[in-house]
Each structure stands twice: as structure tokens, then as C-alpha cells.
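S.K.: Here is how the chains run, residue by residue.
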Amino acid sequence: MQTIRIDGITRIEGHGRITIQLDDHGVVEDAHLHVLQFRGFEKLCEGRPFYEMPSITARICGICPVSHLLAGAKACDAIMGLRIPEAAEMLRRIVHLAQITQSHALSFFHLSSPDFLMGWDSDPRERNLLGLVDKHPDLALSGIRLRKWGQQVIDLVGGRRIHNPWIVQGGVASPLTMAKRDEILSGIPDALAIALRTLIFFKHMMEKLGEETEVFGNFRSMFMAIGREDGNLCLYGSRRRHEGWLRFADADGNIVADNIHPRDYQEYIGEAVDSASYMKAPYYKPLGYPAGMYRVGPAARLNMCRQCGTPHADKALNEFRHMYGNISLSSFHNHYARLIEIIFAIERMEQILEMPIILTDDVRAEAKANEAEGVGIIEAPRGTLIHHYKVDGDGMMTGANLIVATAHNTLAMNHGLKQVAENYISGHEVTEGMLNRMEGLIRSFDPCLSCATHADGTMDLIVDVVDSEGQLQQRLARRR
Amino acid sequence: MPEISHYQVKTLTIDGKEVCASEHQTILEVARENNIDIPTLCYFNGLNGVGACRLCLVEVKGNNKLLPACVTQAQEGMEVTAHSPQLHEYRKLIIELLLTERSHVCAVCVSSGHCELQSLAQKLGVNHVTLPYLHEQCKADGSHRHFVADHNRCVLCTRCMRVCDEIEGAHTWDITGRGIRSRMITDMGEPWGDSETCTNCGKCVSVCPVGALVEKGKAVAEMTKPNFLPYLIQMRGKGQ
Chain A
3 MQTIRIDGIT RIEGHGRITI QLDDHGVVED AHLHVLQFRG FEKLCEGRPF
53 YEMPSITARI CGICPVSHLL AGAKACDAIM GLRIPEAAEM LRRIVHLAQI
103 TQSHALSFFH LSSPDFLMGW DSDPRERNLL GLVDKHPDLA LSGIRLRKWG
153 QQVIDLVGGR RIHNPWIVQG GVASPLTMAK RDEILSGIPD ALAIALRTLI
203 FFKHMMEKLG EETEVFGNFR SMFMAIGRED GNLCLYGSRR RHEGWLRFAD
253 ADGNIVADNI HPRDYQEYIG EAVDSASYMK APYYKPLGYP AGMYRVGPAA
303 RLNMCRQCGT PHADKALNEF RHMYGNISLS SFHNHYARLI EIIFAIERME
353 QILEMPIILT DDVRAEAKAN EAEGVGIIEA PRGTLIHHYK VDGDGMMTGA
403 NLIVATAHNT LAMNHGLKQV AENYISGHEV TEGMLNRMEG LIRSFDPCLS
453 CATHADGTMD LIVDVVDSEG QLQQRLARRR
Chain B
3 MPEISHYQVK TLTIDGKEVC ASEHQTILEV ARENNIDIPT LCYFNGLNGV
53 GACRLCLVEV KGNNKLLPAC VTQAQEGMEV TAHSPQLHEY RKLIIELLLT
103 ERSHVCAVCV SSGHCELQSL AQKLGVNHVT LPYLHEQCKA DGSHRHFVAD
153 HNRCVLCTRC MRVCDEIEGA HTWDITGRGI RSRMITDMGE PWGDSETCTN
203 CGKCVSVCPV GALVEKGKAV AEMTKPNFLP YLIQMRGKGQ
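Chains A and B, in that order, are what the protein sequence lines are. Per my numbering, the very first residue in the first sequence carries number 3; after that it's consecutive. Per my numbering, the very first residue in the second sequence carries number 3; after that it's consecutive.
Please note that a few of the clues may not be correct.
Under the rule of at most 30 Å between Cα atoms (straight-line distance), these lysine-lysine pairs were calculated in the DSSO-like manner [said to hold, decoys possible]:
hint	chain 1	residue 1	chain 2	residue 2
1	B	K141	A	K182
2	B	K218	A	K392
3	B	K63	A	K370
4	B	K218	A	K45
5	A	K287	A	K392
6	B	K227	A	K370
7	B	K19	A	K370
8	A	K392	B	K141
9	A	K392	B	K12
10	B	K141	A	K370
Sample of chain A residues at the chain B side, in silico, Cβ under 7 Å [claimed, not checked]:
hint	residue
11	Y53
12	V170
13	I360
Treat the hints as calculated values from the structure; they're not laboratory data. The C-beta atom is built at its ideal place from N, Cα and C for all residues, glycine as well.
Whole structure, please, built from the sequences with the hints as guidance.
M.R.: Shown next, in the form of C-alpha cells:
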């Protein structure tokens, strides 16, 4: 028996390790993702006033703090038992869409595209953003521009790019000015053009990536996302419009559980503890663990929606479905889905910014803690994000449960890892390119391990192939 | 024969600058009148000084101890050093000690950007904390209808206690324990919301230099303190 460890995985957000277990004949027996570090936000927030939670939990992540701020603020809204002003909700949507844009751009251009463009087996010293800038400057710079623009929108609306304290319980801290609204609108044509151009580019590239589509997490599983009554793509989930209830679908796209109120999420989602990882493994309770494996994220969302609801995104979704069917079972399609969601996010931002209500001053509602518990759910870039807070009579936190998007995909990532390992590693001498494909599978989920637990560490890669006697058979090392 | 006034003007030097002080003036008051900036945290113009924070310690020639400028009266012929590399290091150390004793996490504090401890740290150049953090967990009291007392952020300046006693006359706030175990308490240690003496006036919140006493519902960086000083001095004058 041999064990291969990929420690740690590169070009992801956070710090993790992959273990691949081989039998005596070099055939893959199992593969596992380990998240190695622990941060414990759920514990350290105890005793704090509930309305500090959005800003505290935003510190979980520097990439998607807006998602934590919004899920936290929604949980606070639920504790206060109020409905926030419509303008506040629209402004929250704007920063959310801007965050989807910048985060997806980071995942697609900065983290994953070096694999497609430089080649899975290319020199790892060049297989990164800098290599991309050298070989494909137009695409690399497009990605940087799109991410920068998304960050600028967050800055313009909320006054700060990262850990923006502008998203607060009961709404937002300040209204949007006409000048800022117009500045955002003026950047939309360029951002949309980049997204559409990239989609065309990737569509052609997908023709060369048939093998990856086949084996990168291509299996039957359930899917989960929040939904809207009209079936369109739902990212924010408005309490005002009674949107954002949880929805589960089976591998054929049939809805198996619908209209699950956020407060009832624990009736459907269980969290298994994995002794080899600090990341929990959520599962669909009615099917139990591990049969209740489900996936969240861009491809899952597109599998579960009827349409996106904006012209270019709908066209792109229809093309995608025409090529790959209504239900995409391959996690590799997350990359394609990210591009569609970027297009949707930009178009939707424009729609919202043109609504007169976006400039009104009524952006914050106030109340004390009126409920003992509150749950806030939002579709973060990587999937469904759940913040569940419990408070005492004074509004001080007595407990919190956070289920972060990446964690939902734990079982699916392990399943996908085994699939990729079986395809590339069984019976072969292990090469760096093979292991990069393992990492590529993980990258297709765009996991944020820092969110899922906590992470801080180097991104070196050391792979040890150890035989059943514990003797080192082969070592591959890569340093940043 | 008319009575000779006992009012005397004293002359002294602070950092080599010749200055004049009237009777009963402290070194700190004289320094500030002469645009010599001595950092303080517990001092609040209009309240009695207590010399609790020790940030205003100065050297006085002929005295082998450092003296708190806020409670030391200016004397004729004094030679005061308010700024020296040694004093600067002491002041930085005091800020470091305050930062490590409880939990001062500016990033998620309601008073960030409006906090005297934070601005003093910036002003004195405390850009690293070299001492180990104690991570002592204190209970935040959210029982009051309008305010929260977060003892994790308290620096024990006692401004709340003094304003409540000297201006409001309620003396709701007091201090219990000794040394590192000292805590601000309301009444006899009851939750603030159960206090029978608190008048809900909010003066304590107004004078708190950090994010320890804040209005309920304020999110990060939203807690700004009103300019309470003119009112306080006016009230103080009437009282006297």
C-alpha cells in the first residue's frame, strides 16, 4: 500500500492537503482532502453583541468578506425580526453582485486558467498568473481588470474594498450618491465586454478540455441552492420578496425538497465530523451520511434555476445547456458557470442601478433583538453560506453555527478526487502533472479553506509516495 | 491698608520653555496652555484628575521619581521635562500594556477611528506589540436598554466613575478589585440594566475614551462621541 500526499494544495484560497491511498499494485483505493488548520470563529464570538457579528465574521475571509457580511447581516435582521428598507436591500445586492464578479474573476483568471492555457503538465514555475501575463497578456490583464472593477464597485458603494463595515444589521450604513451610481454604470459596458469575450474564448477552449470534463468530479449527486418563486437564478435571497428559501434537487434536476425556510436548515442539513480534517462534511439529512452528498456553487445554481433573468446570461446559459444538457454533473463545468454568473452579475447590477429607488435615503431599520435565533443564508460565490446566531435576552451571542460554501462540497470534493486519481494515477509512476490535475479538481470547486475552517500557511507542495512499510518511495517537491 | 492679594504667578520651564502658572494649576494645564502636548488617557478637562493612566508622567529636576502632570501642581522654579526619548519609550510601553491586558481589536470595534487609545498608539508609534497578550475574557454587559459596557475594551481610566459622581451625582459607576483584577461595576456589581441609581443620562458613554461604553446597535466604527466638553465645563462651573 502506498500513500501520496499533496501538501499543500496550490492556487486555492487556504491551506489543505490531499492524500491518495494506493494498494500494492498502485491502484487508487481512496483519496481525501484534509483541511489542516482551525480558527474557531463560532466559539470566539460568544458573549459579543449580535450586531458585531457581520464585521467579526467578515474577518474569516479576505476574498469574500462581503458574503459573510451579508449572511451575518441577514441573520441579524432575522434576530431583530424586521424587514430592511428596499433601497438597502438593493444596495446590498449591488455589493453582492460586485463580489461575485471579482471572486469569480479571481478563481477563473488568476487561479484556474493557468492550467488550461499553460497546460496541466507545463513547468509549475510558469503555470501561474505571471506565466499567464507573459504568454497570454490580453486574457491575464482582462482578468485583472474585471477583478479590479468588481472591487472598485464594492469600494464605491460601501467605502472600502475589504471588510467593509458599511453592511450593517437592519440595512446599510449610508445611501448611494448619484455620482457614484453613475461611475459604476459607466464601467459596466467594459466589464460586460470582457466577460462576454472570455466566455467565447472559454467555449472554444472547452472543446479541448473534454477529458477534464469527463473525469473532474463527473458523478451523480444532489445539488443545493437558494431559490426564487419564478425559478430564476437567486443569489441574494430577499426576505422582503420571500426569496432565498433552500432547495434541493436530485442528480436529474428534480426538486426533492423546496421552500425550506432558513430557520429550518438543520432539519435537512446534517454536519458530519471528519477526524482527518478540520472541515466538517455536511450532508442531506433524509439520506444520511455519506449518501446525502450534495454539491453547491455556480454549476449547482445553474442546474437548479430555470433562467438567469438577464439577456446575455440567459443566452449563455441556453448555449451551455444545449452543449452539455440541462443538468451538468461535471464539477469542471463550474468554470463555465462562473463566467455565466459574472455576465449575470454585471447585467443585474445595471438593472438595479437604473431603478430610482437605489438613490433613496431610507437605508437602515433599527430594532433590538426580538428573536432568540436568526439564520441568514446567501449564495456566496462558492455556494450557499449559512450563518446561524443565537442570542440571550440582551442580544448577546450565546452560540453560532456557520456552514460555509466550501464545506458543503466536502463529500463531493473527496468523491471527485478519487475519480481523478483513479483516472490519472492508478498503475502509473506519479508525475507532477498528474498531481496538478488532482489540485485542478479541487480548484474547480474554488474552495476557500480559510473560510471553511481557517488557514494561514505556505503554499509549498511536497508529495511523498510511501509504501506500506512507511518507506519513502518517491518525493516530488515544489517550492514557491 | 488694603489686603495684599495672595494670588501668585509662578514661573517654571517645561522642555526648556519658560512658562507661567497661576495658583493651583497643574503641570498638564500649564503645558496645554502653552501648546506643549503631553499625552493623556484618563484625564478629562472638567473632571478631577486621578493620575490613573500614567501617560502624562514627566521628569522634574531634583525629583528622583516621575510625576503625573495631570495631578502635580506647578511650582515656582520647576524644571519639567515632558518629552525625552526615555519618556517616549515609557509611554509606548504603557500603551502596549493596555493593548495586551484585555482585548482591543480595532478591526471589529465600534469605536475604531474615534478611539483615544487607538489614536495614542498611532501618535506614539506603537506599530507592534512586543509583549504577550493576556487574552483575559471579560463579560460584556448588554443589559442596559440603550448602552453596552464591554469590559474587554475598558482601560480603567475611571472617567465614567468620575463623571457619574462629580457631574451627574448618581455615582452608579465604581471600581472593584485590585490591580489586574480591577473592574468597573455598576452599583454593587449588579448588571447595568438593573441599576437603581443609573439615570440613563449617557454621560459615562460620552466620556469613555475607548469602545468600552457604547450605544447599543452601533456597528463597527460607528460609535462617535459627542463633544461633551463645553457642557461639562459649564456644569462644573455652576456646581462650583
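S.K.: Confirm or reject each hint.
M.R.: Right, here's what the structure says about each hint:
no., hint, in the structure
1, K141/B to K182/A, "violated, 42 Å"
2, K218/B to K392/A, "holds, 18 Å"
3, K63/B to K370/A, "violated, 56 Å"
4, K218/B to K45/A, "holds, 22 Å"
5, K287/A to K392/A, "holds, 22 Å"
6, K227/B to K370/A, "holds, 21 Å"
7, K19/B to K370/A, "violated, 54 Å"
8, K392/A to K141/B, "holds, 17 Å"
9, K392/A to K12/B, "violated, 62 Å"
10, K141/B to K370/A, "holds, 20 Å"
11, Y53, "holds, 6 Å"
12, V170, "holds, 4 Å"
13, I360, "violated, 21 Å"
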